[in-house]
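Student: Those protein sequences? They're chains X and E, same order as listed.
Those letters in the first sequence? Residues 2 to 316, by our numbering.
Those letters in the second sequence? Residues 42 to 487, by our numbering.
To be clear, the hints were calculated from the coordinates, so they are not data collected in a lab.
Every residue gets a Cβ at the ideal spot worked out from N, C-alpha and C, and that includes glycine.
Don't take every hint at face value.
As the list claims (entries may be wrong) - If we take Cβ atoms under 8 Å as the criterion, some of the chain E residues that face chain X in the derived model are:
1) Leu125
2) Val177
3) Lys180
4) Thr184
5) Ala187
6) Gly192
7) Glu195
8) Leu196
9) Ala199
10) Met203
11) Phe204
12) Leu358
13) Leu359
14) Pro373
15) Leu404
16) Thr424
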Amino acid sequence: MEVFLVSLLNGLVYGMLLFMLASGLTLILSMMGVLNFAHASAYMLGAYFAFTISQYIGFWPALVLAPLLCGTIGAAIEMYGLRRVHRNGHIAELLFTFGLALIIEKVVQMTWGLIPVPYRIPAGLDFPLFTVYGTQFPAYRAFMLLISALMFGAIWLGLTRTRIGLVIQAALHHPEMVGALGHNVPRVFTTVFAAGTALAGLAGVIGGNYHVTEPAMAFTMGPIVFVVVVFGGLGSLTGCFIASLLMGLIQTFAVVLDYSVADLLKWFGFTVTSATPFHEVLTVPLPRIGALLPYVLLVLILVFRPRGLMGTRDT
Amino acid sequence: MSADATQRAPQGRTLSAAPGSAGLARRAWPWLVAIVAALLLPWLFFDWSTHRHSGFALTMLSEIGLMAIFALSFNMQMGQAGLLSFGHAILFGLGGYCAAHTMNAVKAGAMWLPVELVPLVGGLGGLLFGVLFGYVATKQRATAFAMITMGLGELVAACALMFMGFFGGEGGISTDRVIGISLFGVSYSSSWQVYCLVVAWTAIAVLLMRLQTQTPLGRMANATRDNFERAQFVGYDPRMVRFCQFALSGFFAGIGGGLYAIVYEIVTFDTVAAAKSATALLAAYIGGAGGFFGPFLGTIVVVLLQSGVSLLSNAWLLYVGVLFIVMVMYAPGGLVGIIAQHAPIARAGRLRELIVPYVRILLPGAFSVFGFVLLVELASFTTIGAAQGKAFKIGPQAVDPATAFPWLLGAAALIGGGLWLRLEARGFRARWDALMADAKAKGVML
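Given only the sequences and the hints, what does the whole structure look like? Please build it.
Tutor: Written as structure tokens, this is what we have:
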């Protein structure tokens, strides 16, 4: 019970972090058809910007400034890069963001070094909030939950209650029709791209010190976010939200359940020894399989249900 | 020679390409020249005082050969069938693992196989996994296909670190190419002998891939790429076409992997990792995915940058990435596409008039490249290189990267060169358009 409750909370924190990343990506992918490889790079940039800013003026200004910086970069990428490449089709756009992700990783390596930077949790939030069955729950995780819940509320209100939100929702499904009605669709694209990048940056600010801030963080996070987007389905923020939470919970629970197929077979009175064929596969503990799970899910969903959980069309 | 004569010549050649010994000889000579050139190239680096080949040059040329097979097999999917794969290295790497295990088995006396045929084992391994993964991946196309292959790539890469038996974990599988069995009585103890084997297999694989483009399967792959619905109406199952193309490309990637196992005598986790897949993608796109030989050209550029530049700095991937982005944005046809664009002007016989405009844009271009490289090297030196205890030099002149001077110089060269380039580009474009209009007027466009 103790393990369950703590893992549930941790999974929730991780899932909300994933949602912060995935929500922007799902909007960009559904609307513009661009599988943005540089999205996770914005997450990394957010963390590094926050690290540098917090060294000079503190964590709280960084919480605002770093996402704004990321958003500005995102707007520039959309206006001066993607629009130009757009003429050559979706694959060219995808390749463009892929090259961008490579370059950003290298630039980060050259600016901040190859090893992880000491980006730490702010001192004001570095205390245990409450204790569950003897395990302390850090205040910073509660803070992460709060930020992501606020962000979720803001997105939801923005998309359903504002004019631009309604235009965005319409452009998700019928961009040509929206353009025909006189809305400036390219500007909507830029807005969404910049907002999505800013959200990814915000995720980096609060996730960078929760995890590790290192040059490889974009390439480890990238595929997982793709899984969430595909799992949730194109054009559905609700699906994306559910998928994020599920993925967070799956990954967290896989880490704490230290069992393998061999343990399962033992229940049926079958003992796996080193002489058994495929004993290596059978004795791999669940935490290690847990790392594979997102990719297995990605492949399975795309093959058997390309429209995902609540998607309106195929990926 | 008049323009009319140059115009007729290529058309006449395509007409006389009918089978026959004369046509065959005419088509075979570029291949023979390329093979002879590949065999002569290492002698440029031969050290006559010690009577030894340069190990660095041989390794680099071997790397070009096997990576060219890999990039071309990647292009069988991307260029020919329009299938963008982010996990192509798994076919290459798994072929390599199969070849390494086979060589170890031969060495232990468990089976008989000459070294020359080990790449074929790699190819069969690649084909097997190509069939397996292809069955899953080719159910979708376009973006979904790209994501499936990415998932498969990550999956295999993670497995490579998890299962020690087949993959050997982080250390990889080491092997020994001197297994004592050879078709020609060669021991393969020197890297020159290995290089000859690489050249032979590269020629075979490239020739087979070239011929494959002219088979009905190769043509149907083009058709499914260009118009999915119409290909279906013709009566072919596009999924089946994609699947066959994928599996065959796995076979060739596996040959590359088998050669890798022979050249380096170790197959590690790196061969299946995402970075390896990315290298094929970068090489294919920089060279040009549209033409058959584009990936070959791209591989030469990428490997030269990788082994030539990385001796000086750690930033080769950044240069490759920037080159890639520039290609995606300004020249989607890659290097081969840029060359092909000159064809009408050349046929109009006015290529000479482009020399002066080219010099005028290459000069500022060189300036901005110099500035960019200087800035990149300064940045990577201050964060990474300084820790290795090296000194920073521009030519023979030692420079202190902590002072503002080199940074300002780099920025000035980059920005100044860029502005100058913009100015000159206008004149170049006008000249180019005029020549193209002339070519069009003469009717030598195609």
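Student: Taking the numbered hints from earlier one at a time, note which ones the structure violates and give those numbers from smallest to largest.
Tutor: Hint 15 is the one this structure does not satisfy, whereas the remaining hints hold.
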